[in-house]
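Starting from the known structure of chain A, arrange chains B, C, D and E with the ligands on it as the hints suggest.
Given next are the chains, with one letter for each unit.
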Amino acid sequence: MARVQLENITKRYEDVTAVDDVSLEIEDGEFVTFVGPSGCGKSTTMETVAGLTKPTEGQVYIGDDEVTNLAPKDRGVAMVFQNIALFPHMDVFENISFGLRLRTYDDDEIQRRVERAADIVQLEGMLDRMPDEMSGGQRQRVAIARAIVRNPDVFLMDEPLANLDAKLRVHMRTELQRLHRELGTTIIYVTHDQAEAMTMSDRIAVLNKGKLQQIAPPLTCYNEPANRFVAGFIGSPSMNFAEGELVGDGLETKHFRVDLDPADIPGVGMGDAVTLGIRPEDVHLERSADSIPDSTGTISARTDVLEPMGDEVFVYLLLAEGIERSMEKDPSASADQLLMSVTPDTEIAEGEDVNVVLDRSKIHLFETATGDALRHGLTDAPERDSDTTRSEADS
Amino acid sequence: MARVQLENITKRYEDVTAVDDVSLEIEDGEFVTFVGPSGCGKSTTMETVAGLTKPTEGQVYIGDDEVTNLAPKDRGVAMVFQNIALFPHMDVFENISFGLRLRTYDDDEIQRRVERAADIVQLEGMLDRMPDEMSGGQRQRVAIARAIVRNPDVFLMDEPLANLDAKLRVHMRTELQRLHRELGTTIIYVTHDQAEAMTMSDRIAVLNKGKLQQIAPPLTCYNEPANRFVAGFIGSPSMNFAEGELVGDGLETKHFRVDLDPADIPGVGMGDAVTLGIRPEDVHLERSADSIPDSTGTISARTDVLEPMGDEVFVYLLLAEGIERSMEKDPSASADQLLMSVTPDTEIAEGEDVNVVLDRSKIHLFETATGDALRHGLTDAPERDSDTTRSEADS
Amino acid sequence: MATESESGGTDSDEGILIGGDSETERGRSGNAVINWMENLSEAAYAYLLLIPAFALLALIAFYPLVMTFVMSLREDRTRGLEPLGGFVGVENYVDILTGNARLARQFMDVTLSTSFPFLEFGVPLLQQALFVTLGFAVISVILETVIGFGQAYVLDQDFRGRRWVRVAIILPWAVPIVIQGMIFFLLFQPTVGFGSDLMQWLGIFGADPLADSQDSFIIILVADIWKSAAFMALLILAGLQSVDRSLYDVARVAGASPWQRFKTITLPLVMPALLVAMLFRTMDAMRVYGLIESTAGCTTVPSLTCLVVEAMFGGTRIYATAAAVAFMTALVIGLIISVYVFFFRDTEGGLY
Amino acid sequence: MTDDTMEPDDTVDDSTDSDDRQDDVPEHWKHAQRLADGGQPGGQADHGAVFEDDEDVELDRGPIERWAANAIKNPERTYRAMFYTATIFFLLTTLFPFYWLLMVALTPEGRQQDIILTPNGFNPGAFIEVFQVLPFHWYMFNSFVIATASTIIVLVVGSLAGYAFGRLQFPGKIPLMLLVLVISFFPPAAFFIPLNDLFNTSFFALEPITGDGTLYNTPGAMVLPLSAIFMPLAIFILTTFYSQIPDGLEDAARVEGTTRLGALFRVIIPLSAPGVATAGVLTFIAVYNEFFFSFLMTDGQPENWAPILEGILGYQGQYEVMYHLMAASSIIGVIPVAILVIVAQEKIVSGLTAGALKE
Amino acid sequence: LGGARDENTIVMSGDTDFEGAMDGEDAETSIQEALWDAGLDESITVDVQASVDDTDQRMQNYQSTLQAGRSPPDIFMMDSGWTLPFILREQTTSMTEVLPDDVLSRVENDYLEASLETARHPVTGDLHAIPLFPDFGLMQYRRDLVEDAGYDTSEWDTDPPTWQEFAEAAADARDEAGIEYGFTTQAAAYEGLACCTFNEVMTTWGGAYFGGTETLFEAGDRPITVDSEPVLESVRMMRSFIFGDDASDTLDGYPQIAPSTIVQWTEEESLGPFASGESVMHRNWPFSIMDLGAEDEFGEDLGVMAMPYAISPEEAEFEGTGGSANALGGWHLTLNPNTDRTEMAVEVLEAFTQEEVMLTIFELLGYIPPEVELVADADPDEVGPVARYGEQIQQAADNAIPRPVTDIWPEQASVIAQEINAAYRGAKTPEAALGDLSDRLERSEVDVEGQNGN
Ligand SMILES: Nc1ncnc2c1ncn2[C@@H]1O[C@H](COP(=O)(O)OP(=O)(O)OP(=O)(O)O)[C@@H](O)[C@H]1O
Ligand SMILES: Nc1ncnc2c1ncn2[C@@H]1O[C@H](COP(=O)(O)OP(=O)(O)OP(=O)(O)O)[C@@H](O)[C@H]1O
Ligand SMILES: [Mg+2]
Ligand SMILES: [Mg+2]
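Chains as they are written, first to last, in my numbering: chain A, 13 to 407; chain B, 13 to 407; chain C, 12 to 363; chain D, 5 to 363; chain E, 2 to 455.
Hint data in this document are derived by calculation from the structure and do not stem from the laboratory. Careful, some of the hints might be misleading.
Stated by the list, open to error - Listed next, the stretches of chain D that the computed footprint assigns to chain C, with coverage defined by at least 3 CB atoms under 8 Å from CB atoms of chain C:
no., stretch
1, 81-93
2, 99-106
Stated by the list, open to error - Away from chain A, derived, C-beta distances all over 10 Å, residues of chain B:
no., residue
3, LYS54
4, ASP119
5, ARG124
To be verified - Result set (SDA-like, lysine to any residue): computed pairs, CA atoms no more than 20 Å apart in a straight line:
no., chain 1, residue 1, chain 2, residue 2
6, E, LYS429, C, VAL44
7, B, LYS66, D, TYR83
8, A, LYS66, B, MET146
9, B, LYS221, A, ALA381
10, A, LYS266, A, MET282
11, B, LYS223, A, SER147
12, B, LYS221, A, MET138
13, B, LYS221, A, ASP144
14, B, LYS221, B, TYR25
15, C, LYS274, B, ASP119
16, C, LYS274, B, TYR25
17, A, LYS221, B, MET146
18, A, LYS66, D, PRO250
19, A, LYS66, B, ASP144
20, A, LYS266, A, ALA381
21, A, LYS221, B, TYR25
22, B, LYS66, D, ARG84
All residues carry an ideal CB built from backbone N, CA and C; glycine is no exception.
Bound-form chain A, shown alone:
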């Protein structure tokens, strides 16, 4: 029921700039997720919206009003805090109903709402527990209930599901989405869970070092990351990168080359340093690559570690012989490593020599110097700034 707009928000602590000139607009009823590395300023940005932190510079708008200096209570926001922040002197019921009791709701109404909220977070029968008698996840659910029991214009949720198990998380995810749909509330959400970010959000805002990197629908961030940072950050395991140089008719990296026409790539020219990015699932074994219409030339490698995940297996490929077996599983960290993901029934063993190919249509190119994306997919002409929404993006 309210649009949220941040205008050039900067927040500086003594020697840290927690948020650096962030501007963004969140539509009424939109579900936006903030993601970014630990310490990048997500919580601080949320606190600015809630009114708990006064930005050093910039304005905050909620609805049509500037609220930069409005008290939190008058902003119509509810928040789930990252540190949970239950009131230790109140039992679960009192914690959840705290906000309601501050307003003039009658007792029945309060009772009804609290019970409903407790139901959603599956805390029935625990309403008279004290916070210190609960497990970590239970406390977190109380914190969520405390926020959803109210009827705010804007929900701010800072890692609300961090302490919940996968199953409950899926349940809560659904419930939050249902709430979102039914109430039409604007939701700003912080999560470290890619699945959460991907499935729930209308748009994802990627932050790094206090700066906004990209704000776009999840699949856009996934398929067309604005820069190398976003490309590496979104997606788990993360994208493989290989730094290279544009040569006459292709890109030459340390271990392989990819054909392309430098002219297709605006803004760079021959000899420029360009980084290639490819997601693990777009690396294929040559022998099973027939389904890929357009693949690169063969890259030979030796498998290092196999990491079976149940529904898929991660294969760490070493691109050069003789190098010591690196245990670093972060593929972007080493130029000699390539991570591939295969289905569990693929026949592959550790230490096997294999040939792999990359799916050309899934190759991303970034300017090495700035990290900015140059091109996504080498097959067709690039289709940047796609606005495909979530439900259509997979076509």
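Relative to the frame of chain A, chains B, C, D and E with the ligands by itself:
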């Protein structure tokens, strides 16, 4: 460097039994992960090992000694707490070096170790911050560093990575594994992250309502869950379940039937209620099912919601016509729903009528009444109690 | 209360999941005063909150102090209706410092000499108010801190019957000073109590402790510690209670012995409360009077406040001297407090 | 109490481990008893028992050494022993004077000689006489009202100031705090003369309330100065405790819809319950027993709000002191405070079971 | 809250006993009744308000009342020991001005002169207070024990013994009876030592603080004689009493009779052992006679006498000293200058000067009438044991020695008490203590010189 053994541990609070007769043995140097729904007793069990909670009943052994009544400080354990619990009056350096300063290490040694630990958790340059000047993830990293800086026999880690982003989490995972390998320390770990549990653990202990459900290598839990609870809990999105009844030559569920010889299944007979379980990735579109050697008969369904996750797409299938579109995304919750996972390039749309098949080799059968597993895979003779280790389990 | 917001459009017939009402909370609510307060800057808000306290203090404390200060600059008049004569500047202060004030015991009686140790004391230290008071304050505060900490530590534990132990330990603080004085006066009154006999048997006391400065000093110390350790205990206990218990868990797992837990967690976290307790105990001890008056008497153990009270109410009306002694007392206390501020300036949460 | 809210090795009623202990204590006892009997194992069976006992190496140790060895092996027991010793020591030292006071009260008038552990005679009538000689209950009531009023003022006004000092940043904070502190540098007498003039000045505005327009002989004449004098302590205590409440909790309250003041009263004060209760109890007791102003700001008549001190001193004649009545009256006078402590102690001590300040 | 008081009530600030006697148990024998009988307008009631009885605290209380210019009380009951400072501070009303002449002259003529002297303005000589009752330090003793030890005490009633005789009797009686003490008195460092117990001893040795009795009430320009020989002798005697004559700075022939704890005793503590039969001799005020002389206590065995002495008046160096001397205490009534009921209050004061009233008070409270002769007239049945000792009281009144009360007496008194106490204890030699005392008194005298005639 020490084996940990719990013998009939029970912990009761006034009206809650947090841990209920749990016995398990963790080998010296093993990495065991506790998983289970929120509030199932994971933290309490850890606290029992640490000595912070005296079990109501049962004994704890570390190494060869009974330590049930030993003070925590004498147990040689280090712990990362779920609630982080940094010392508010100490800066990061002091927090990390706390355990070292209690012993007689010289300053250089302390400095060296702290720097090493800070390095591992990527907190370089923050050593003089106070906890209240840090973000949630940074605090959690301090908590991890505080534990790993010591050289204990047993590490206890209660959701140490909950507040970290995916990338850092992968990094920390690697680091913890490296530590584990280098120091040979026994590690007990709690996590809600399936990927973490799957990739890091030697064995996973699944708890529910204070009771130990299964303790086995990750893939065993995944492929051969001991009961329906484990089957539903491990794996995300979780397994589809369909309740049915054994008939003459097969299993009849509400919407489909699967051929089998009831005689193959020990312990149950004709007419008994049996639940079928199948993971989303083992549901295939009939049109692309040629790669599956042994599939069930066709099941016709209509696609409901598509949930693209980047590297895969979840397809919610409705098995019966005319039922209202359920938004519950927990497939085990509705008998009329089936969740299928397909690759992103599969051509499928919402509301499309499709035919799917199940991979018979991946079908699990459970006794409906008790939830106990009856059989995993309908192709070969059941190979229960497999002891395949992680690196071989995917063959 | 909450105002009706522009309708959001989505809260349609689907029914709102949680609430039955579509009102939203955004927008200024509450009355004008509250809104005005909410939007004050932090500093302005702080000043606003300080107004009541400072208004009260200004009327009841600062105003009288200014008047008293002016008084101290004038001449004493023991006769006539008007208690004060003309302005004499700092003369009263000079008299006090040179041992020439019209007081039964002197503030201090020290002269400089040329031979070592370059100071000469006119009368024994225990007959000079400044040293009696300083000695009393230092010894009593140290002992009370230690004992109070011990008591608080005991009270912080969980044991059966702790409620009654708590009451018992706190009870001395609830005893009026006159009664406290009476108890110890009678205890050390040879014909009534056995305190003197005991102490003489122990070889600590002379024949007539209540007439002997040194013995009386000890009696007063004991009496004060008996009563005021509870004050320390209470405050420290509150500090202990506010420490997050999970920090102890962390420390225990990290291998801290009880003593190390105390040193590294309890003490630093209780330090702010402890400092407040010590600060105020010191100031109180520096102003000790009632206890002395009701046991050994101001003649035997003169304290700074004894001088003030005697000058003011001793029958001879020397208000200016009384005022000057009061300000000298404040000055001495101020100096001691600066020592605290200096030593504990880095302690977090201490003096800010 | 639940186990994880306390430290098992310091506590005494942890049933589980005390049970364990009972299992092995008797073994040691047998040793000790045998040794006390001359250390001679008395017979074959006993002999066997000694050898079965895996601690037989300790047979030749003295009891103290053995205790020390046990202490090292089982430090919990040492802590517990120390704990008990300390508790008993504190109880004895704090309670003995009260016991002695009771003995004084029970000793009939004029026979206060050589009271050691028993009274000289027995005269419980003193506790009734107290009320016959003076309307002591009236004095108590007055003190109670004055102390309650002062405590409320001090806590409310002090809370506002404590909040500002403890949780807000503003220029001039330290000078202002020192200014508050300065009040406590002065002996109360330093305030007296100007206040005496002030409270005896007739203010027109006060006439409808106090009759003659002065504050003298009204509770105000005590409540005001006493509030002011005990205010600095309260402000400092509250400042300390308020500053320790994690910001997160206040933030949560404000997002939930409290005003800044609302957060103070709904979250910060309840969470600082130990500190607030302590400040309250300290103020209450101090005012209840205050000597200087209570004595000089009324004419000593109970109907004119004379406080309990006047009552107690009323048993003191010019040349003779009714010690037994003073003792009895002070025991009676302490009772309300004791009750207050009992009531407040749950707040003081265990208002928040597991330590309030977790976020 | 405080309400307006009744129009016809005069509020007196007094002590608890006085408050009780004002209304009396039955209307017949109350002071109020006596006042009305003595001619006080029946519409005027007197309300005595007592708060604390401790003399110092009462002084503080009056001081702050008068400092603030407050009334009620309309009439104060002031200790003769500290009335003078109030007079000098103009915080009393001149009786000479407000009392009718006949009343005034009756007071001036009939009242005990020593008492009146402590009620007069030292400069103008005007009377500023009406004595309510005088008090005398009296030596009380166990006649039975002394007689048992072989001493004849019949003479003592009229002719007190010398200190030496007294001490020997005390020692012998003590040893004979096998009790703890021979003599108990007050020697703590408090006002009572300076004003009274030491003052008595010193005077009976022919010593004086300020060179005799002429200069008692005018500070400033007067000799300081505390370090003279008679004073030293008196200190030495007291030390003999405490430590026996073998100790240093003592007088030969004076045995040890008093416990050393007297140096921390005031009236209450010193009375205890005597009352419980543990002492032969005891110095105290007449109030104790009321209790101890009762039949169920010592009855006739209680002997009372004026102070023993060492030197006769003739031998004494300073005028007005020597011979038996009894410290003068007692209380006065003063009129609050701030009262708006002066006339009524004066009527009340007038009534107090009537003999019937004095006698009523004597009967009810044992307060000796300021016209001491009346004691002899009192009916022992009504008055109780005190009446038995009328003769001794009369004698004490004749030998009454007031303290040298001036505006600076309070501060001088505490200096005196300190030094004498120190000398008794042996913390200083008598010479040193009295030398220091002399210096300090000198200084305080100098301080007020400039203010004379103010
Ligand atoms: N002090 C206590 N008093 C009462 N019940 C408690 C207490 N502590 C924990 N419990 C209960 O014991 C159960 C187990 O708690 P525990 O903290 O072990 O759960 P957990 O598995 O760690 O859950 P989570 O994943 O949510 O952290 C929970 O139901 C919890 O509510
Ligand atoms: N009070 C403070 N003083 C100084 N620096 C601060 C303070 N609060 C936060 N910071 C810093 O500001 C940066 C942003 O913090 P913020 O809490 O917004 O991070 P975050 O994105 O929420 O991280 P996380 O995912 O770890 O919670 C961090 O580097 C943090 O250390
Ligand atoms: Mg954060
Ligand atoms: Mg937990």
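Cross-check of the supplied hints:
1. Residues of the stretch 81-93 of chain D with a Cβ under 8 Å from some Cβ of chain C number 4, which satisfies the need for three, so the listed coverage holds.
2. With 5 residues having a beta carbon nearer than 8 Å to a beta carbon of chain C, the stretch 99-106 of chain D meets the requirement of three or more and the stated coverage holds.
3. Some Cβ of chain A comes within 10 Å of the Cβ of B/LYS54; the nearest lies about 8 Å off, and the non-interface call is violated.
4. Separation of B/ASP119 from chain A is adequate, the least Cβ-Cβ distance of about 26 Å exceeding the 10 Å criterion.
5. Chain A leaves B/ARG124 outside its interface by the beta-carbon criterion, the shortest separation being 22 Å against a cut-off of 10 Å.
6. A distance of roughly 72 Å separates the Cα atoms of E/LYS429 and C/VAL44; the hinted pair therefore is violated under the 20 Å criterion.
7. Our distance criterion of 20 Å between C-alpha atoms is met by B/LYS66 and D/TYR83, whose separation comes to about 18 Å.
8. The hinted pair formed by A/LYS66 and B/MET146 meets the criterion: a straight-line CA distance of about 17 Å does not exceed 20 Å.
9. Proposed proximity of B/LYS221 and A/ALA381 is contradicted: the alpha carbons are some 54 Å apart, above 20 Å.
10. The suggested pairing of A/LYS266 with A/MET282 holds, with an alpha-carbon distance near 17 Å, which does not exceed 20 Å.
11. This hinted pair checks out: B/LYS223 and A/SER147 have alpha carbons roughly 16 Å apart, not beyond 20 Å.
12. For the suggested pair B/LYS221 and A/MET138, the alpha carbons sit about 15 Å apart, so the restraint of at most 20 Å is met.
13. At roughly 19 Å between alpha-carbon atoms, B/LYS221 and A/ASP144 fall within 20 Å of each other, so this suggested pair holds.
14. With a CA separation close to 13 Å, the supplied pair B/LYS221 and B/TYR25 stays within the 20 Å bound.
15. In summary, the hint linking C/LYS274 to B/ASP119 is supported, as the alpha carbons are separated by about 19 Å, within the 20 Å threshold.
16. Proximity of C/LYS274 to B/TYR25 is assessed by CA-CA distance (about 31 Å); at most 20 Å being required, the pair is judged violated.
17. Taken as a hint, the A/LYS221 and B/MET146 pair is honoured in the structure, with Cα atoms around 14 Å apart against an allowance of 20 Å.
18. At most 20 Å may separate the alpha-carbon atoms for a hinted pair to count; A/LYS66 and D/PRO250 meet this at roughly 18 Å.
19. Taking the CA atoms of A/LYS66 and B/ASP144, the gap is about 17 Å. The hint holds against a cut of 20 Å.
20. This hinted pair checks out: A/LYS266 and A/ALA381 have alpha carbons roughly 17 Å apart, not beyond 20 Å.
21. Taking the CA atoms of A/LYS221 and B/TYR25, the gap is about 45 Å. The hint is violated against a cut of 20 Å.
22. As the CA atoms of B/LYS66 and D/ARG84 are separated by approximately 17 Å, the hinted pair is consistent with the 20 Å bound.
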